[in-house]
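Residue numbers (this note's numbering), protein chains in the order written: chain S, 1 to 345; chain W, 1 to 92.
Because the hints were derived from the structure by calculation, they are not lab data. Among the hints, a few may not be true.
[Stated by the list, open to error] Between beta-carbon pairs, the in silico distance windows are: (1) S:ALA335 / W:GLN30: 46 to 52 Å; (2) S:GLY252 / W:GLY32: 46 to 52 Å; (3) S:VAL292 / W:LYS39: 19 to 25 Å; (4) W:ALA82 / S:ALA160: 40 to 46 Å.
Even for Gly, the Cβ is constructed at its ideal location relative to N, Cα and C.
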Amino acid sequence: VDFKDYYGVLGLPREASAEEVKKAYRKLARKYHPDVSKERDAAARMAEVNEAHAVLGDAERRAAYDAVGQRWQQGGAPPPDWDAGFEFQGRGDAHGGFGGFESHGEYSDFFEQLFGRTGAWRQHGRTSRGAAHGGAGPGHAARGADHHAKIVLDLEQALAGSLTEISLRVPQRDATGHPTLAERRLEVRIPAGVRPGQMIRLAGQGEAGIGGAAAGDLFLEVHIRPHPRFAIDGTDLVAELPVAPWEAALGGVVPVVMPDGKELKVRVPAGAQSGRVLSVRGKGLPGAAAGVAPGDLQLKVRVVLPSGLDPRARKLYEAMAEQLDDFDARKVARAEAERGEGGER
Amino acid sequence: MTQAFDPWLTLDELCRAAGVAPEWLTERVQGGLIEAQGKEAATWRFDALIVRRVRSMREIESGYGAAPELAALVADLEDEVARLRRRLALFG
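Looking at chain S on its own, in the form it has when it is part of the complex (with noise of 0.2 Å):
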């Protein structure tokens, strides 16, 4: 694990106060937001910065922080019992950040083991839990704390469903009490129409209670890999249509080959353009729950022009133009704009 420099991140002296820390974190929330950022590699860095600011933002985690990096740099090296002295617990602040969307839950090794996968710690002997690895009292009981992870499901496993096998690094602590990651292996029924940042909440999953009390829960925040022809907007799914001209301007059936392989009709209006979007309705994301209604397919049309150099397109194209000569295609497009026709409809 490689040391976390978070001051040096946010470009501070380790006496900074809270008022500079919190300055510094907004200077550079603006420079490296993904979205507004013209940096190449803006959204690591803006990970970085919030990182940092979750830590340095937060007495607790900065008085954390200090008494580590104190004994860390005195040393050149990581002490033996670096992360010791640290309790996980699911406090479920530190995902995210102002800027980080795609990033929820991402921070560094280094983060993680000194303040656990939710970014939540306690000192022994500062919580009621802190106490429980030095022994609990007689009836004591806490509620165990709640695990946060990511899962990454197909885009037809979203849209049918899905029993799923997901593997889960768990913080646990070893034999000397020091925390580590075991692995751990769970089924989970995704249901159909899950969407991308859904959170499941698998009741009773998280950490164990203490004298009888409850389990924590374990949030699973769901994120969808990309898929080469359909994305999710909402409950709606979204692709591109492509249609030959004559398809286009004279109308027709066309098939659309669904994320499942199969196939569904569409018919295409005379005189569609490139750009139109035809919506068939239900055809998107089912509705996750009862009562929920499925979303939309929406087809963004585009018209795909036979090549020229093709003898045969070509002199179709030849005839085309000598017959069609008074055909303006700008000015067709003009008119289309000023009657607010263009792009998406």
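Based on these hints, arrange chain W on the given structure of chain S.
For chain W alone, coordinates are given in the frame of chain S:
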């Protein structure tokens, strides 16, 4: 053992998932910034999709000292930018 889940979260569950206090969440639901199903706090149910937005609002408020209304607006804009980028990636 196979685990099933409920796509709705209670107030307590959402607070734990997003790392916010119940008072913080209640105030924003009552202010119309976060949507809940149900009339009373005890019966509120939240779409499990909202966790990311709640976390984002929390970060914007704490990181920038932003008013809750502004944090909600920025979180909505972040969602919209992400949505448009997904479409752009697909359609060019």
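- Message: Under the constraints set out in the numbered hints, which ones does this structure not fulfil?
- Response: 4
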